[in-house]
Structures are given as structure tokens and as C-alpha cells.
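Student: If you want the building blocks of each chain, they are given just below.
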Amino acid sequence: MHKTNITNITKEEIVPLAEKMFSKRRRLVIINGYVDTEGKNSIVYNYDVEGRVETYICRGYEKLPSITSIFKGSAQWCEEEICEMMPIEFEGLNKSGRLFLPDDFDGTGQILVTPLAELKKNNKKEGGIA
Amino acid sequence: MSYIVPIGPYHPSLEEPIHVKLYTDGEIITDSDVFIGYNHRGIEKLTTERNPIQTITLVERVCGICSHSHPFTYCRALEEIAGMEVPKRGQYIRVIIAELERLHSHFLWLGLAAHIIGFDSLFMYTFSARENVMDMLEMLSGNRVNYAMNIVGGARRDFSSEQFDKLLKMVNDLKEPYKKILDIYANDKTVALRTKGVGVLTKEDAFIFGAVGPTGRASSQSDDVRKVDPYSSYEDFDFKSVSVDNCDVFGRAVVRLLEVEESFKIIEQAIKNIPDGPINLGTKIPKIPAGEAFARTEAPRGELTYYVVSDGGPSNYRVNIHVPTFKNAATVPAMLKNNTVADAGLIVASIDPCFSCLDR
Numbered sequence: 059m060h061k062t063n064i065t066n067i068t069k070e071e072i073v074p075l076a077e078k079m080f081s082k083r084r085r086l087v088i089i090n091g092y093v094d095t096e097g098k099n100s101i102v103y104n105y106d107v108e109g110r111v112e113t114y115i116c117r118g119y120e121k122l123p124s125i126t127s128i129f130k131g132s133a134q135w136c137e138e139e140i141c142e143m144m145p146i147e148f149e150g151l152n153k154s155g156r157l158f159l160p161d162d163f164d165g166t167g168q169i170l171v172t173p174l175a176e177l178k179k180n181n182k183k184e185g186g187i188a
Numbered sequence: 027m028s029y030i031v032p033i034g035p036y037h038p039s040l041e042e043p044i045h046v047k048l049y050t051d052g053e054i055i056t057d058s059d060v061f062i063g064y065n066h067r068g069i070e071k072l073t074t075e076r077n078p079i080q081t082i083t084l085v086e087r088v089c090g091i092c093s094h095s096h097p098f099t100y101c102r103a104l105e106e107i108a109g110m111e112v113p114k115r116g117q118y119i120r121v122i123i124a125e126l127e128r129l130h131s132h133f134l135w136l137g138l139a140a141h142i143i144g145f146d147s148l149f150m151y152t153f154s155a156r157e158n159v160m161d162m163l164e165m166l167s168g169n170r171v172n173y174a175m176n177i178v179g180g181a182r183r184d185f186s187s188e189q190f191d192k193l194l195k196m197v198n199d200l201k202e203p204y205k206k207i208l209d210i211y212a213n214d215k216t217v218a219l220r221t222k223g224v225g226v227l228t229k230e231d232a233f234i235f236g237a238v239g240p241t242g243r244a245s246s247q248s249d250d251v252r253k254v255d256p257y258s259s260y261e262d263f264d265f266k267s268v269s270v271d272n273c274d275v276f277g278r279a280v281v282r283l284l285e286v287e288e289s290f291k292i293i294e295q296a297i298k299n300i301p302d303g304p305i306n307l308g309t310k311i312p313k314i315p316a317g318e319a320f321a322r323t324e325a326p327r328g329e330l331t332y333y334v335v336s337d338g339g340p341s342n343y344r345v346n347i348h349v350p351t352f353k354n355a356a357t358v359p360a361m362l363k364n365n366t367v368a369d370a371g372l373i374v375a376s377i378d379p380c381f382s383c384l385d386r
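Chains as they are written, first to last, in the numbering used here: chain A, 59 to 188; chain B, 27 to 386.
Okay, chain B solo, but in the shape it has when bound (with noise of 0.2 Å):
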């Protein structure tokens, strides 16, 4: 028997709108379509009236999650077009941040998707490791969320060295529980039973769909940003690029395990060899002359792109933000094939999806 089984846009199991038409024969998926757009909010042409100050903190507020990653990329794009040089100790704080994000989003996702299977117990311990991580963000920025620490020309508060000798004890006490959280997900038979061989993207599917950041790592892409085009002094620290061919939901787990053990690595050898010197370049307001300039950083949930054009006025002329979840949500029906409805709702997770970041 088929069925059609429509899943959203408001639904209990859903953070964030967004609309799936199941096809089905019986309990398995044939086939899917997804619709997005309910959380639009025209951002992209807000920031046609505002001037850099004011987007930075605009954009800031695209994503919940990632709020480092936008006002950082956008940034890159405006000191690109300005020509210029971030100083090195303005850099490595922009790292911190965006690792310290990347540990916190990497959580979330490990403690919900504990919570779609129904292991509350791993989901609460998760989100209680969590919770360490927004603790160190509240210490060094001020905020759990919107943490303010990007100006165009650099970063825009310094931390002491108190405060970096507690991150690292902060650091340092998360490595316990990570190890606990790695150990259940690795060898929990619920775990495996629910992920393995579930929501499956192939190597050619993850490469024509431009899947990007953990989903497309798990499919064998090697996209890291960090890595492949470094920028802000990624170059300078010792991590490995996480990449796996599992291609399931299980993979997809894997990389963002093993992808916190590299977050660490980055914050310690950030807080051991960050340079003194300034910490942005003093632009009170930023002049920034006619041009245009790509920037991308890697995000939490992958690759995000900022197109930027500067007509030489006091705004932008256009500001285009592409998401990770602009490449990851069209992947999903792929991954949703000849799956069973239960785990319909585990699979649209595996990505990690913002809607919020997604129809900005």
C-alpha cells in the first residue's frame, strides 16, 4: 500500500520549520521532497541599509548556533575587499571562538541525536558536557550565545591570561567526559543498531549534491576548509581533517566525535602560542572601497560562504550568505531512499540542519 506521509512545516519532532513529503510503500520510503523557506527573513536585503558595524551584528543573528561563523566570514569578505592584514593574536582569538563553537554545536547534535534514539541517559550527559563549553564561551565573550568578538580588522576584545589559563582547565576537564560520550557512541549496540547502514549517501551522491562539512566527510569528501584553503592562521596549528566512508548516520556521528579531539588540539596549541601584539587594527569605522570578494570559513555543519560587493558607500551593495544546510538539506532525499518512516526523522537530523541558517 502507498502512502503519502507529510512530515512539518510545524511539527513536535522539528526545532525548526521546515516541510518533508514522504512517499512510501508500506514502511519504506521510496521517495521524498523537502521544502524549505519558512524561517525567510530577507537578511540578505536588510543589509542593503546597514553599514558594516551594523550587519556584523545582523549577521551575527543568522544563525543561533554558528553566530561566530557569520560575523567571522563576513569580515574576511569586507577585509579582502579592504585589503586588509589581520594582526596574528587577533587571528587566534577569531580560532578560539569559532573551535569553542564547533565543540558546542558538535555536542548539541551528539546529544540530540542520542535523544532521537531514545537514549535520554547519553543525551543528558552530553548536554550536561555541553553546558561546560557555554560556560567557557560566558567567560571569555560575555555571552552564551552572539558572542560579539568580531570588529573588520580583527577581534574585537582580548582575553588575559587568567582567562586562558581557566580555558584550558575547562579544556581539560571536557576531555573525561568526551572520552565517556566517544566510548558509548563506538560501542553501544542501540547506537549501532539505530545508525549503521542508515540514511545512506553515497561518495557520488555526497560529490554531486555538494555535500559539505561532516555530512560530505562522512561520504569520503575531504573538504575542510581549515585545511584545504586555511585561513585566519589555521595553518599553523597541528589537526587532522576528519574523514570517513561509512556514508550512514553512524559515519556522520564519527566525524563529529573525532572532530571535537581536533577542536581541543586547536585551542590548546592556540592558547600555548598565541603572539602578543594587537588585536585588531584600530578601524573605528571601516571605509570600504568598491569591489567584491568570496570569503568561506568552516563552520560547525560545514563549508559557509559569504559573497560580498562594495559599491565604495556606506552600506553594502549585496551581501549573499550561502549556509552549510543550503548543500546538506538537498541531500537529504537521497539519504531518505528505502529507509523506513521511524527513522525518517533521524536521518533529516544526520545533517545537522538550520533552517534558521538556511532561509535567512
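Chain A extracted, bound-state conformation (with noise of 0.2 Å):
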């Protein structure tokens, strides 16, 4: 049965992983984003080496290296859509605008960490369905 192997790294090792996986032509496969249990950002990053999915969660930080200028593309829209759902900034990341938030999204990544009761009364409040 497949197994999620998952290695805790610091910001520090984020973009010389990244480079060592572009360089020997890895797949960046997603990026994924929680704020724990303890309220840490966490930043998930998987990549495909040889068809076995290596997991890499970096905890704790609310700033952190952007890697679209290894993985480009591949990178792009999973980090766009992280800032906008979580309290974190990409250094070095050139947002195209908002993804999936209403054109009128302020820019801060509040969703994960605002209860879904206080997002149902904040939409009552502009007119829409709660």
C-alpha cells in the first residue's frame, strides 16, 4: 500500500530542494496549505521522484521563498492560491491578481483560519445566501 513519506524542513532548504528536484528533472506534483492545529502555516511539497511521491511540509512561518522561478508554471498557481486562502506571502512571487476569491478580494488569506459560522454571517450580511 502507497505510504505518504513525509520529511519536516525548514524555509531555509526550500529553494535548494527545489533546485536539486528541478535539476534532475523531478515534478513539482502540488502544493498544498493548512494552519494547524497549533495555528503554524503549513506548506506542503510534493514531488514526484520516480513515481513515488516524496512530502515535504514546512511549519511555522509567515513568509517564505517563492519557487516559481525554478518550477515556474508549476509552482505559479499553487502559490497564488495558497496567499489567498492562508495568512502567508511568497517572497519573490508575481501575482497575477486574485484566483479564485471575488474580484474585490482584498489580498489577505484569511479563509483557513476564519470559522465557516463567521464567513456564513459575514455573506448573510452582503445579501447572500448564509
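Everything labelled a hint here was simulated from the structure, so no lab data went into it.
Treat the numbers as computed from the prediction; the structure is a model and nothing was measured.
Possibly wrong hints are sitting among the right ones.
[Claimed, not checked] Computed spacing ranges between beta-carbons, pair by pair: (1) A:Gly97 with B:Arg87: 29 to 35 Å; (2) A:Leu177 with B:Pro203: 44 to 50 Å; (3) B:Lys205 with A:Arg83: 36 to 42 Å; (4) A:Arg83 with B:Pro340: 40 to 46 Å; (5) B:Pro301 with A:Gly155: 48 to 54 Å; (6) A:Ser127 with B:Asp161: 49 to 55 Å; (7) A:Glu77 with B:Ile54: 32 to 38 Å; (8) B:Pro315 with A:Val107: 25 to 31 Å; (9) B:Gly338 with A:Ser127: 34 to 40 Å; (10) A:Gly109 with B:Asp161: 34 to 40 Å; (11) B:Lys192 with A:Gly155: 48 to 54 Å; (12) B:Ile79 with A:Lys98: 27 to 33 Å; (13) B:Thr228 with A:Gly155: 24 to 30 Å; (14) A:Ser127 with B:Lys47: 20 to 26 Å.
[Unchecked claim] With a straight-line Cα cutoff of 30 Å, these simulated BS3-like cross-link-like pairs (lysine-lysine) come out: (15) B:Lys229 with A:Lys82; (16) B:Lys363 with A:Lys130; (17) B:Lys291 with B:Lys206.
[What the hints assert, rightly or not] Far from chain A, by Cβ distances over 10 Å, these chain B residues were calculated: (18) Asp57; (19) Phe149; (20) Asn169; (21) Ser186; (22) Asp214; (23) Ile292; (24) Ile300.
Note that beta-carbon positions come from the ideal geometry of N, C-alpha and C, so glycine has one too.
Mind docking these for me? Both chains are given alone in their own frames, and the hints should help you get the complex.
Tutor: Printed below as a string of C-alpha cells:
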């Protein structure tokens, strides 16, 4: 059975890891993000290494280096999406605007840290369906 | 003369909303921008207040076409966190539904591509072939979409030997119309003129953008998850991972056409070799311990990934869904460059986009 191999990494290891993977033609499968139970930002980098997914998690930072200069298109929307959803910034990421949220989105990713009940309340206030 | 041609977000030629801005020099597209997010329903956020049983129903509705791939992948992530091993018969049933889903998705694309290039008789012929696959899914699951075939720990329903016999006959009957469609796509001059050399995505661009599924495999990528990282007993089946180096719309059609044949093979082998035994672990209300897992499957459009985090509570702590279109839609500007405005619709369609999936 497939098992997720998780390795914890620091902020400083993100770019060298991406460079190493890119130079060996390893594919960046996806970048995931969540705010853990202690309120720490957790960014998950998944690379395909000869058919096996290697998962690296970087926890506890409000700013991380972007890997868009290395993986370009593969990383662009992944990092932009995470910025929309979580209170985190990627240094060096050239944002194209909003991805999934409305045009008047203020650019601060708070969806994942705001309780659903509060989001529904705000939506109702603005005339939407709760 | 330079123009900016906006397409969408709501446009008669688009089944789903997306906004593409074409920067043109006369008829030729020099650059383009893609804007997404018009279908965002907050499904990931909704999962945080649903238990696994409710979430299966919810994620099944992320997409109308790959409504088996979503709960399948979600269940695989939970099964990994909980250390569950799905019984072999349950794995085979999941594979049969997954391959039928691939068949109807590929026939859908082949039909729509024919319609876009103005070949409506081929469109109708392909859709009539697809109708047979929908009948098979209805015969097996009771539903034409949202098959509800997954539970955490296995498959939700078993099939009788009569159903398997019927399915085998239906698959055999489908081979003749398939051969005709394959022959038309391979040899028709109109198809060749509209698709060969159109919407080129180079091998390098496919890697840089992380193109997946038939879009990636038409540009020499070999990322079929069923082959490179087998799951749900795919290692038991003899089939080929189709990859070509045409890099254009024609190549994307060829990959999907040849994958139809491989799906026939997988379904036939699954019916022939399906073992007896339970189809699931009999877990009514699954208890998922704290943990996190990454799961991926090869959905019809490409690699579908779920990252699930559980804190041991009754609902999901985090479900992060990424669909093939999330990767493939970003390749569209590279494909559009130096093509004519008239081909833009076909090129966008060539990635088999699903914006409902993408925006979730």
C-alpha cells in the first residue's frame, strides 16, 4: 500500500530542495497548505521521484521563499492559491491577481483561519445566502 | 493591427465559465491571459464541518464527469491515515467504475472536439457510443452520474455475475463504433487540417507547467499514475500507458483514443479475474485517527490529488483538492501563442478542461 513519506524541512531548505529536484527533472506534483491545530502555517511540497511521491512540510513561517523562479508555471498557481487561503506570503512571487476569490478580494488570506459560521454570517450581511 | 479579444467568462461556446484575454496581431495570437474562479463553491471549506460519510457525498459533486475519481481519491487518503487495507474485490470494483468513467469522459471529449471543428456527424456518432457507457454505469450503479460506489474501506455495492456478463457484452458491442471513431480521427483530412500542428505544447513547457494526463502524455510526458504509482490493484492488469510526441491537439486526441482501448482491456481483465470475498471492511461509521496523507489517482483528465489532514475529530481538519485542470489550464497561454483566433476555442478545449473541478 502507498504510504505518504513526510519530511519536515525549514524555510532555508525550500529553494535548494526545489533546485535539486528541478535539476534531476523531478516533477513538482502539487503544493498544499493548511493552518495546523497550533495555528502554524504548514506548507506541503509534493515531488514525484520516479513514481514515488516525496512530501516535505515546512511549518511555522509567515513568509517563505517562492519557488516560481525554478518551477515557474508548476508553482505559480499553487503559491497564489495558498496566499488567498492562508495568512502567508511568498517572497518573489509575482501575483497575477485573484484566482478563486471575488474581484474585490483584499489579498489577505484568511479563509482557512476564519470559522465557517463567521464566513456564513458575513455572507448573509452582504445579501448572500448563508 | 493589434487587438485584445476577450472570451468569456460567459460565452455561448463555453460549457463552463472561464475568462481568456487574447492579445492579437491581426488573426494571430501573440499572448494571452487566463482568469479562473467563476465556479468557486468553497467545497474545501465545507468539508471542515462534515464527517467522512457526508464528505464522500460532497466531493462526489466536485465534478459531474469524474464523480467517481473524487470520492475514490478521498477514501484512499482516509484509508491510509487509518491504516485500512481495502479487500481485493472492492479494489477491482473501484477500478471497473474508474475505467468506465474514463471511457465516458474520453468519448465526451472526442465528441466535443468533433463539434468544435464543425464535424457534427462525428460528434453525434461519438455521443451515441458514449451513451452505451452511460447505460453501463446506470446498469451497475443505478446512476448515470454520482455513482455512489465508494465508502471508506472499499466499494459500496457488489455486482452479480449477470451484471458482469451484461457489462462484458456491452463493452464488446462498443468496440465496433470505437474502431470507426478511431479510423475517422486517424485518417480524415478535415480532422487532420484542424488539429495537426495546432496548439503546440513542447515537451519542455509540459514539464515546466507540470501538464498531466492526456495533455502531458501528448507532449512525451509519462506520468500515468496507474502505471508509475499503481493503486487499487492496477498492477494486476496488463495495459499500456499511452504517450506520444505530437505535442499538438491531434496528439491529445490520439492519446485519448488509444486510452479507450486500454480501458476496454482493463475492464475485461477485471471482470475475468475479480476475486471472491468481501467488497469492503464493513465499517459503518469510520473513525479516522489524527494524521495526514497525500493520495492521487489517474482521473480521466489526469492526476487528481487529495491532501487530507485529520485531528482525530468527527470532521475533516483539512481537505485540499487539486484537479488535473489546475495544472493543465496554466499551459493554455503557451499553447495559444502563434495560433489563429479561430483555433482558440479548440485549443482551450484540447486540455479537456473542467472549470467546475478546478474552482471547487
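Student: Now tell me, hint by hint, if it's right for this structure.
Tutor: Here's how the hints hold up against the structure:
Between Gly97 of chain A and Arg87 of chain B the beta carbon distance is about 31 Å. The supplied range of 29 to 35 Å therefore holds. For the pair Leu177 of chain A and Pro203 of chain B, the beta carbons lie near 48 Å from each other, so the given range of 44 to 50 Å is met. In this structure the hint that Lys205 of chain B and Arg83 of chain A lie 36 to 42 Å apart at CB holds, the actual value being about 37 Å. Checking the proposed 40 to 46 Å range against Arg83 of chain A and Pro340 of chain B shows it holds: the Cβ atoms sit about 43 Å from each other.
Checked against the hint of 48 to 54 Å, the C-beta distance between Pro301 of chain B and Gly155 of chain A comes to roughly 52 Å, which is consistent with it. Separated by about 51 Å at the C-beta atoms, Ser127 of chain A and Asp161 of chain B satisfy the suggested range of 49 to 55 Å. At about 36 Å, the CB distance of Glu77 of chain A to Ile54 of chain B agrees with the hint of 32 to 38 Å. Taking 25 to 31 Å as the suggested C-beta distance range, the pair Pro315 of chain B and Val107 of chain A conforms, at roughly 27 Å.
Under the hint 34 to 40 Å, the C-beta atoms of Gly338 of chain B and Ser127 of chain A, about 39 Å apart, fit the expected range. At roughly 35 Å, the beta carbons of Gly109 of chain A and Asp161 of chain B sit within the given window of 34 to 40 Å. Taken as a hint, the range 48 to 54 Å holds for the pair Lys192 of chain B and Gly155 of chain A, whose Cβ atoms sit roughly 51 Å apart. The hint said 27 to 33 Å for the Cβ distance between Ile79 of chain B and Lys98 of chain A, and at roughly 30 Å that hint holds.
Here the CB-CB span from Thr228 of chain B to Gly155 of chain A is close to 27 Å, well matched to the stated 24 to 30 Å. For Ser127 of chain A and Lys47 of chain B, the hinted distance range of 20 to 26 Å is satisfied, since their beta carbons lie about 25 Å from each other. Note on Lys229 of chain B and Lys82 of chain A: the hinted pairing holds, with a Cα-Cα distance of about 16 Å set against a maximum of 30 Å. Straight-line distance between C-alpha atoms of Lys363 of chain B and Lys130 of chain A comes to about 18 Å, which keeps the hinted pair within the 30 Å bound.
With a C-alpha separation of about 18 Å, the suggested pairing of Lys291 of chain B with Lys206 of chain B holds against the 30 Å cut-off. Every Cβ of chain A is farther than 10 Å from the Cβ of Asp57 of chain B; the closest lies at roughly 13 Å, confirming the non-interface assignment. Once the 10 Å rule is applied to beta carbons, Phe149 of chain B is consistent with being away from chain A; the minimum gap is 32 Å. Every CB of chain A lies more than 10 Å from the CB of Asn169 of chain B, the least distance being 27 Å, so the non-interface label holds.
No beta-carbon of chain A is positioned within 10 Å of the beta-carbon of Ser186 of chain B; the least distance is around 29 Å. Separation of Asp214 of chain B from chain A is adequate, the least Cβ-Cβ distance of about 33 Å exceeding the 10 Å criterion. Residue-level check passed: Ile292 of chain B sits 19 Å from the nearest beta carbon of chain A, beyond 10 Å. At the 10 Å boundary, the C-beta of Ile300 of chain B stays outside the reach of chain A, the nearest C-beta of that chain being 20 Å off.
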